[in-house]
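Protein chains in written order, with full-length UniProt numbering: chain A, 1 to 329; chain B, 1 to 329; chain C, 1 to 329; chain D, 1 to 329.
Keep in mind that the hints were calculated from the coordinates and are not lab data.
It is possible that some hints are incorrect.
Unchecked claim - Some residues of chain A that are not near chain D, with every Cβ distance over 12 Å (derived):
#, residue
1, Y49
2, K70
3, S210
Said to hold, decoys possible - Covered, in the sense of this in silico footprint (three residues per stretch, anywhere, with C-beta under 8 Å from a C-beta of chain B), are these stretches of chain A:
#, region
4, 1–15
5, 119–130
Note that the Cβ used here is the ideal one computed from N, Cα and C, for glycine as well.
4 protein chains.
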Amino acid sequence: MVDEAFKELYQELTNSHLIHWLDTLPKQLSDWSKDCAASHPSTPKHRWYKSITHLPVIQSELIELKDKFKVQSTEKLTIGEKQGAIHQLKQLMPWRKGPFDIHDIFIDTEWRSDFKWDRVKNHITSLEGRWVLDVGCGSGYHLWRMLGEGAKAVIGIDPTELFLCQFLAIKKLINQKLPAYYVPLGIENLPALEGFDTVFSMGVLYHRRSPLDHLLDLKNQLKPGGELVLETLVIEGDESQVLVPVDRYAMMSNVYFFPSIKAITLWLSKMGYVNIRVVDVNKTSFEEQRKTEWMQNESLSDFLDNQNPSLTKEGYPAPLRAVFIANKP
Amino acid sequence: MVDEAFKELYQELTNSHLIHWLDTLPKQLSDWSKDCAASHPSTPKHRWYKSITHLPVIQSELIELKDKFKVQSTEKLTIGEKQGAIHQLKQLMPWRKGPFDIHDIFIDTEWRSDFKWDRVKNHITSLEGRWVLDVGCGSGYHLWRMLGEGAKAVIGIDPTELFLCQFLAIKKLINQKLPAYYVPLGIENLPALEGFDTVFSMGVLYHRRSPLDHLLDLKNQLKPGGELVLETLVIEGDESQVLVPVDRYAMMSNVYFFPSIKAITLWLSKMGYVNIRVVDVNKTSFEEQRKTEWMQNESLSDFLDNQNPSLTKEGYPAPLRAVFIANKP
Amino acid sequence: MVDEAFKELYQELTNSHLIHWLDTLPKQLSDWSKDCAASHPSTPKHRWYKSITHLPVIQSELIELKDKFKVQSTEKLTIGEKQGAIHQLKQLMPWRKGPFDIHDIFIDTEWRSDFKWDRVKNHITSLEGRWVLDVGCGSGYHLWRMLGEGAKAVIGIDPTELFLCQFLAIKKLINQKLPAYYVPLGIENLPALEGFDTVFSMGVLYHRRSPLDHLLDLKNQLKPGGELVLETLVIEGDESQVLVPVDRYAMMSNVYFFPSIKAITLWLSKMGYVNIRVVDVNKTSFEEQRKTEWMQNESLSDFLDNQNPSLTKEGYPAPLRAVFIANKP
Amino acid sequence: MVDEAFKELYQELTNSHLIHWLDTLPKQLSDWSKDCAASHPSTPKHRWYKSITHLPVIQSELIELKDKFKVQSTEKLTIGEKQGAIHQLKQLMPWRKGPFDIHDIFIDTEWRSDFKWDRVKNHITSLEGRWVLDVGCGSGYHLWRMLGEGAKAVIGIDPTELFLCQFLAIKKLINQKLPAYYVPLGIENLPALEGFDTVFSMGVLYHRRSPLDHLLDLKNQLKPGGELVLETLVIEGDESQVLVPVDRYAMMSNVYFFPSIKAITLWLSKMGYVNIRVVDVNKTSFEEQRKTEWMQNESLSDFLDNQNPSLTKEGYPAPLRAVFIANKP
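Okay, chain A solo, but in the shape it has when bound (with noise of 0.2 Å):
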């Protein structure tokens, strides 16, 4: 089901101004397949498709996307169905971005990616009739709120594959042709394509060893003009300041450079963007994040220090995330 969706991303390319990301993308994704094929039929990956496989086919006859993400049919599940559903559902786990409102059943995921959204929607041009790229998409819970938004074609890029099954299978049940798209790759491997009206990037600036060429290579895909969406986790602190932690980070590895929101702003200046500013700053609750039913493992509670939340577990300022909008001239 993969290569279908792969497919439709093609037919929708081929239509667009985007044709010229033939030139590489069915090479990539095609060698990506491969590479997946080769893998064990005893890997977990194995039993993520086949979950998706036995996800029920449903008519979906209201699908809410812009205040919430809320998929309905006339036909229920039975009460059997849907019980097979959910454990299809939880093979998939841990769901982190969400949540969503399917045929009666409610992913609650580790983060209320919807307060998010809530925070950022308000601040960003009308995604109405725009090509939009989400780097690092996770479920893809965005692409469907952006969709909810207007946008003509949203694809997400994140090279996490159980996240893609987790696309794939709410896409799956929505059973309705929407231009939403899940590409397995990183954004390096993107040639710059200039093509994008808006660009997302949330949660993953952090994560880069090399942040600068984050935003150069985010810059490399928008149109002129285009609009870029920056979250990520910042500190106090003028515009040298910059946390580098030795290790770890709440408890997250690969993590490399925690800026202050000055330091951002200057450096969004030298990679040569324009009316840059810091739309939202927020310092994340345990309403927004925390341990479900559908993510068992550890969650910000556990991060935290138990004595002093204001820290994280290793001593460095609990997490305050803050929302950048930046042109490309």
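Assemble chains B, C and D onto chain A, guided by the hints.
The following block gives chains B, C and D in isolation, referenced to the frame of chain A:
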């Protein structure tokens, strides 16, 4: 307009079993386009593309492809428009494969390719619903006739850019979305697609330095069970008779192997074909190949010995063409 | 030890006009080595390399290469050592090209390659001071004889790993730094070096699916004015006589074109060689090719028709070999 | 002459543990040479190479490299020859790293790189018998001084072609086969050689858009246990202090990160180095960096604030350089 033509091909491929061709084709054609664009505006080919641009856009009312190539519209061209169109089409001379009867313009080509088609078409498996590849398709004349026989999609390949332009000119004058496509590459640049029901190679084999590799390349484009239609120049003799001209043959350069019918039959067998048969042997006549208003260079009568028309100018046997049909197992 | 052998070749190249071969060769041989190393230890080739390791290291006192291949030392091997060495060398059977008389061990190979050398060497330009390439060199027998004729450096290429091992075994037993090298690649993997004074291709042409490309490949290795020595199987007949066996010839598979002498002469001319002449034609005798203690598989007498030794088992004419000499202009 | 220089390097590599560098280096340098040759003869670099050609070939009698760079011959240059040599060497201006005292010509460079060497050399592990890589080597001054400390072979890399020419000019005037080599590539173009005992990176880190990747690249060139010598511009402050100039710093463009000493120490640790220590911190003086007859552009005094020399023209802290030593585990 060539990019537009490629785009239509990608759309066809995206919706077909040949979608994997996208792994290589867009990159190759994009490189090809860059090389073209890099060539100096003073080269002839710039004139070619301009001529196509200047051709009128007319509504075709009647498209006859089965018994001949004839295209008409109810709304006739004015005399001035017709003269203009003829002028533009003559920029694309020499016209070799045809003839094309289009909007009351009769492109009288060097070859009566319809004669060849009449000799071939009754012997082959019906093209109804089939995917067809025509290797060395020239102006693409036979592509249209293959559509006339009901082919589902026909793709011609030929690296000669003038022939691409002739094809695009005809396609523009037809002005209807028909599943005939032209790829300006040689067969050695294609991956082993193993996806065509019928593959034609007419007038190509003697131009190949390695005829056995050519037979293998053709097999690699066929589906299992698919049909090869091979037409080439042959000489008389038993299975060890193979003429290799030191230099030219009938004034053609880049010619290599002219085997006997028995030799080709053996070669096809050696390369793994089955069900091999010769269905036509024909000595090219002055009616079939001759100088015309649309091809004013030398033609067959100039290639043969004045004293003895059974010999070429170089003293080799005059052209004798045989058609072979064979299957991939 | 194969890496050590490659290293000696690189040293030779670094100090020569062929230094540009380093642009491609080390990468190819390094990939080749990785592929080898990746093969399972239970494969025969692991035994081969072990056998070479177990061969004794002796000081060679007398190295005769001009009139025959004979290597001796004053300090003789004990009977036990000699038996051990014979045992290891027999792990490398079948030995086809030779014979080698080395430290009182007589490797009696299937072919008396010295017979062929005696027929060839008087016709060629003296190898004194020349760089020589031997395409399809087998065990490398002729490489040593070429050194005996005064060649400055000789490089054999042959993709068959057993032959590489035979070469390394002989080189180890000689135990002197002599400018003979073995590259386990096919000629189609070499760049156009245009750097050899003499190129040999003996017993290769009929194994090529494209003999004309082989002739071009050989030309691409020659310096301007360089000399090609081509030996191949021929048939009787005029210049359009070319035998192509449907399947095997004298029980060899992978055989393609057996042209007449006149046909090859024409082909050489067509491919741009000048000064083409046939210097020897020889019907292979049972003395020259036969089963021995060191090659216990079937040999010539088994390949021919019992009733009529002028025919092969398949009914083709018995092997007739011709030697051609030609120059690159 | 640059090809001759590369050839000497290949000879050195062929006889060393770094022979695997031949898998990539000759191809890269051959491509590099082609790009050079393709550039128009009217470009400055053609003049550079011509200048080197015109330098005299003299027998060096005394080569002092340990305490300073001084090369002399008993047979002195005439006044005319000396004036000629000076003229040619001045074609290679600006000379930044030095000074070179050679055949009574004193190339007084912008930098007294000997000052830096004096600050560094006592802190590092003795170079005796070691393979050394100098990343961003400039004119190669330190390469010669490293030989003076007994290094077995020293290789400088720097993509700036003028510096290559300065190196070749000095090498020609020395006129002795010494194991110092120059590779005109950036470190990002090298494979992970893991073969150097000591790697220097002096004055490079602040020019890298991704300093962490630079630290990894350096580690990939070191043998296990090997020593990194890192010199870069630093600022005052704790481990989260990192200055990123929006535009220029001390009039240098292409500058990115100026971390505090503590920040760099942390970064080195994060990138996997051990045994990290700062061995020197130095405020650049007007004696160490200044305009000379051989570098007539602006220098340090022009880069600093006239009123307050503790600040750069842009208002940042004046240059403070620190030397770090660390080991690969």
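Contradicted hints - numbers only:
3 and 5
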